[in-house]
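Sequences and hints are given; from them, build the entire structure.
Line by line, the protein sequences are chains A and B.
Position 1, counted from 1, in the first sequence is what the numbering used here calls 1; the numbers after and before it change by one each time, with no gaps.
Position 108, counted from 1, in the second sequence is what the numbering used here calls 108; the numbers after and before it change by one each time, with no gaps.
I should point out that these hints are in silico values taken from the structure, not numbers from a laboratory.
One thing to keep in mind: the hints can contain errors.
What the hints assert, rightly or not - In silico DSS-like pairs for lysine-lysine, Cα to Cα no more than 25 Å straight-line: (1) A:K71 with B:K42; (2) B:K57 with B:K42; (3) B:K42 with A:K9; (4) B:K69 with B:K59; (5) B:K63 with B:K79; (6) B:K57 with B:K69.
Stated by the list, open to error - Some chain B residues near chain A, calculated using beta-carbon distances under 8 Å: (7) R31; (8) F34; (9) K42; (10) G43; (11) P44; (12) T49; (13) H91; (14) N96; (15) N97; (16) L98; (17) G101; (18) T102.
Glycine is no exception: its CB is placed at the ideal position from the N, C-alpha and C atoms.
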Amino acid sequence: NAGVTQTPKFQVLKTGQSMTLQCAQDMNHNSMYWYRQDPGMGLRLIYYSASEGTTDKGEVPNGYNVSRLNKREFSLRLESAAPSQTSVYFCASRGQQNQPQHFGDGTRLSIL
Amino acid sequence: EDQVTQSPEALRLQEGESSSLNCSYTVSGLRGLFWYRQDPGKGPEFLFTLYSAGEEKEKERLKATLTKKESFLHITAPKPEDSATYLCAVHPRGANNLFFGTGTRLTVIP
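Right under this line is the structure:
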């Protein structure tokens with residue numbers, strides 16, 4: 001059972017470069033989420049998609065864009081990477097309301 | 001403002017030494033409280049959901065409890081493989097997302 005798959009697992013970028021992080025889930029979940037995790041700050045929501053065709057901003061959306069390509073896939077794009085975006089990025093999905101979110105294993109992104 | 005605070009930040013236990021982790025929360029109505037386990041280099045793994053004060057859930061050596069202001073994760077006779085970071089998250093009413101605490105890093109020494 002794959003669950004939530006994120007690619008790539010690691011990436012190093014230079015300031016100003018662009019990049020798209022990919023996420024796919026095979027659980028037929030409606031909702032998908034992008035978080036970043038930084039030391040001492042916990043997981044913070046960047047964007048989410050409550051259902052196919054909709055996206056909404058979370059707590060820290062500046063510098064990011066998202067695309068809900070279809071029910072399975074939800075991508076996160078950095079248009080012009082900045083060192084402050086160095087972080088570990090997690091994608092999650094959820095089925096019905098009040099069911100838990102299921103997470104991928106993250107993308108570790110360093111921006112020099 | 002919705003807020004989640006976990007304590008302690010880090011906890012070292014001898015194998016077999018039981019203890020509890022705390023998650024205090026302030027939300028405008030609680031829809032659910034979630035506990036996750038996170039191993040180094042991995043994503044959070046779901047453990048429990050609690051919906052109302054007085055509810056308890058158990059899984060192996062772990063037991064989660066909920067009151068109106070906090071939740072506890074009790075670890076009974078822990079083993080080294082229980083070493084991980086434990087995350088607490090709340091789902092407020094009217095919100096589509098979770099708010100996470102910063103976690104408790106548990107180390108169990110053989």
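Hints versus structure:
{"no.": "1", "hint": "A:K71 with B:K42", "in the structure": "holds, 24 Å"}
{"no.": "2", "hint": "B:K57 with B:K42", "in the structure": "holds, 24 Å"}
{"no.": "3", "hint": "B:K42 with A:K9", "in the structure": "holds, 10 Å"}
{"no.": "4", "hint": "B:K69 with B:K59", "in the structure": "holds, 23 Å"}
{"no.": "5", "hint": "B:K63 with B:K79", "in the structure": "holds, 15 Å"}
{"no.": "6", "hint": "B:K57 with B:K69", "in the structure": "holds, 17 Å"}
{"no.": "7", "hint": "R31", "in the structure": "holds, 6 Å"}
{"no.": "8", "hint": "F34", "in the structure": "holds, 6 Å"}
{"no.": "9", "hint": "K42", "in the structure": "holds, 5 Å"}
{"no.": "10", "hint": "G43", "in the structure": "holds, 3 Å"}
{"no.": "11", "hint": "P44", "in the structure": "holds, 5 Å"}
{"no.": "12", "hint": "T49", "in the structure": "holds, 6 Å"}
{"no.": "13", "hint": "H91", "in the structure": "holds, 7 Å"}
{"no.": "14", "hint": "N96", "in the structure": "holds, 5 Å"}
{"no.": "15", "hint": "N97", "in the structure": "holds, 5 Å"}
{"no.": "16", "hint": "L98", "in the structure": "holds, 6 Å"}
{"no.": "17", "hint": "G101", "in the structure": "holds, 6 Å"}
{"no.": "18", "hint": "T102", "in the structure": "holds, 4 Å"}
No hint from the list above goes unmet by this structure.
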